[in-house]
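> Each chain, written out:
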Amino acid sequence: MALLQIAEPGMSAAPHQHRLAVGIDLGTTNSLVATVRSGMSVVLHDENGRALLPSVVRYHADGSTDVGYPAQAMQSSDPHNTIVSAKRFMGRGLRDLPDAGSLPYQFADAPGMVQLKTVAGAKSPVEVSAEILKVLRDRAEKSMGGELVGAVITVPAYFDDAQRQATKDAARLAGLNVLRLLNEPTAAAVAYGLDNAAEGVYAVYDLGGGTFDISVLRLSKGVFEVLATNGDSALGGDDFDHRIYCWILEQAKLSGIKPQDARLLLTRAREAKEDLTAHPEVRITAVLSTGEMVDLTLSSEVFTEITRSLVNKTLVPSKKALRDAGLEVEDVKGVVMVGGSTRMSQIQHAVGEFFRQEPLNNLDPDKVVALGAAIQANVLAGNRSDDDWLLLDVIPLSLGIETMGGLVEKIIQRNSTIPVARAQEFTTFKDGQTAMSIHVVQGERELVSDCRSLAKFELRGIPPMVAGGARIRVTFQVDADGLLSVSAREKSSGVEASVVVKPSYGLSDDEITNMLRTSQENAKADMTARALREQQVEAGRLIEAIEAALHENGDHLLSAAERAEIDEGMASLRSALEGRDHLAIKEQTERLNHISETFAARRMDQSVQKALTGHKLEELEI
Amino acid sequence: MAVTLTEKAATHIKNFIAKRGKGVGLRLGVRTNGCSGMSYTLEFADELNDTDSQFESHGVKVLIDPKSLAYLDGTELDFAREGLNEGFKFNNPNAKNECGCGESFGV
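Here the protein sequences line up with chains L and W, keeping their order.
If you read the first sequence in the working numbering, its first letter stands for residue -8, the second for the next number, and so on.
If you read the second sequence in the working numbering, its first letter stands for residue 65, the second for the next number, and so on.
Misleading hints may appear alongside valid ones.
As the list claims (entries may be wrong) - Okay, the calculated bits of chain W under chain L, using three or more residues with CB under 8 Å as the criterion:
{"id": "1", "segment": "82 to 96"}
{"id": "2", "segment": "125 to 131"}
{"id": "3", "segment": "145 to 159"}
Claimed, not checked - Here are the in silico distance ranges between beta carbons for each label pair:
{"id": "4", "chain 1": "L", "residue 1": "Ala414", "chain 2": "W", "residue 2": "Arg95", "range": "57 to 63 Å"}
{"id": "5", "chain 1": "W", "residue 1": "Lys83", "chain 2": "L", "residue 2": "Glu262", "range": "33 to 39 Å"}
{"id": "6", "chain 1": "W", "residue 1": "Gly123", "chain 2": "L", "residue 2": "Pro250", "range": "57 to 63 Å"}
{"id": "7", "chain 1": "L", "residue 1": "Met65", "chain 2": "W", "residue 2": "Arg145", "range": "27 to 33 Å"}
{"id": "8", "chain 1": "L", "residue 1": "His51", "chain 2": "W", "residue 2": "Lys83", "range": "39 to 45 Å"}
{"id": "9", "chain 1": "L", "residue 1": "Phe98", "chain 2": "W", "residue 2": "Lys78", "range": "25 to 31 Å"}
{"id": "10", "chain 1": "W", "residue 1": "Pro157", "chain 2": "L", "residue 2": "Met65", "range": "49 to 55 Å"}
{"id": "11", "chain 1": "L", "residue 1": "Glu190", "chain 2": "W", "residue 2": "Asp137", "range": "42 to 48 Å"}
{"id": "12", "chain 1": "W", "residue 1": "Arg145", "chain 2": "L", "residue 2": "Pro250", "range": "52 to 58 Å"}
{"id": "13", "chain 1": "L", "residue 1": "Met65", "chain 2": "W", "residue 2": "Asp129", "range": "25 to 31 Å"}
{"id": "14", "chain 1": "W", "residue 1": "Lys83", "chain 2": "L", "residue 2": "Glu283", "range": "31 to 37 Å"}
{"id": "15", "chain 1": "W", "residue 1": "Pro157", "chain 2": "L", "residue 2": "Glu265", "range": "50 to 56 Å"}
Since the hints were made in silico from the structure, they are not lab data.
The beta-carbon is built from N, C-alpha and C at its ideal position, and this holds for glycine as well.
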């Protein structure tokens, strides 16, 4: 006997055609699944009534797995085979994990993404995440009495293409159809925006287990627009645990800790952190495998003190996001708190002080992302008639292509809302050029060498034409999941080439932060560098053209004096080119252009004569 | 005869309508499709139609169009939990046979 849910007017599904969709918050520490039931977004519980599924997977030698609480319970006794916080490794290479040495895993550097050695063989973070998603899918299907048509899975706003792709791969592996990847803060805004219907500019402060994101959103007339995002992909509740852990080692004068003891103390540290949200001080006790005893008392003041720098690390990106959005603190109408870590009192306090208002936390910060994702999934599955709201996300870094001289031409600007498609026309640089290499880059800097290379492909079969004759339209398209495809098309011949950007796994999000920071710090230097490169390219082209012309008929058309003048002009330009003064190069380029004007005019006359010689007037179509 | 709600069903419906923020009540209906000939519809109601039959049960307004009422008269709507699943269940005295899924019935 099926159990029915109340549908929106006119949206009742035919029997066996229920469009069951869920929202999944695939978190670093905990994961959740939610759905919309009878018009209400609810988190789905397991058989024991628990909403959270710890994002922990334990592998057994026979290949079977434990996921969630049973796995978490074993993490100190079986640290190598019990994988926690796998999300941190999604789409990352070993070189992106500076703290790999302090983690209790045996990493294997596989091409593209790290793997973790377990008794069941090497497992990639994608496989680990898929195990978590499978459990959530199973829970959802049992709770809803049918197969899912799809899921919306949330990712941190700062996830790059590699990490988003890895998340999609994990979902596919778990047998889930991904309706869309949704940025976590956007999902939180959906949950708050619809439930509270409050318009205005909001900041979403999301401190999860392993990532920090700050997003500035505008909610108006039911439309969510992300104005700016910033954050730190390697900062979260785990770091607070780690600070307590280090404090324990220091206070108890411990060293040479074994992996299972490290795991045990980290667990104790996390428990202490959670207890401190309700109590002014907590006692931490543990017995290590060496027989050593730990018995300490941690007060709220000391906890605040040892984590002050972590809290401050969240305020810098907050300032930047506001600046990117062109807003002041006063413009922010409310601050939405997301992520279990925002329960810490020093966080509530610091955020309140920074934004000069009490942060909003009337929805459970652990559940708000999943609830919003479920609402979005419900819309995408087609269960809502009044589909009157849009969801706008932004791309975190500008996307562009390399042009002559190693310069970047940005095609899609950073913070553009997605999905987006932009096209720009380019042309050939040399006469008779039949191919063009398209180099797709990501970043804010002016020079390709300072940006991140995403992909390279070639457009071949361009018909030979004079330089500047071909018209090549390059189109960049970013889909709703933030994945990029680039195509190039020569207009006269119709030849086309394209690439879907699946960047090599392994961009560290710290790099994104660094790229943004350096672009701001180097704005002026970059402008000069761009001007220099442009002049260098222009000068090089002029010298090349004149040399070719001189070779062809210089002796014939020029007197010795004229020839000497042009040679002198070229020599001065060449010497200017050795320097780095773009103004000097510009001046010499203009001068050489001027000197060679007569020569160019004579060449023109001669070619006209040549074209006419031997033809009768009536043969010419004038 | 009439169409009624169990108290449990009414409590949940009131809660859903309050959360949704709008709606005058609940609309029950019958459609001619499904493996056994007919199927139930269960929707929020935003407006009344002139021809609707109205029933009030535990404070919830239940609306039914005249065509559907013939098949639904005497029905009690219950809210049930089965394992992890939960939702509404039609106890319909008119239904002669039901398909295994319970979403479709014949008279």
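> Need the list of violated hint numbers for this structure, in ascending order.
Those not satisfied are hints 2, 4, 9, 12, 13 and 14.
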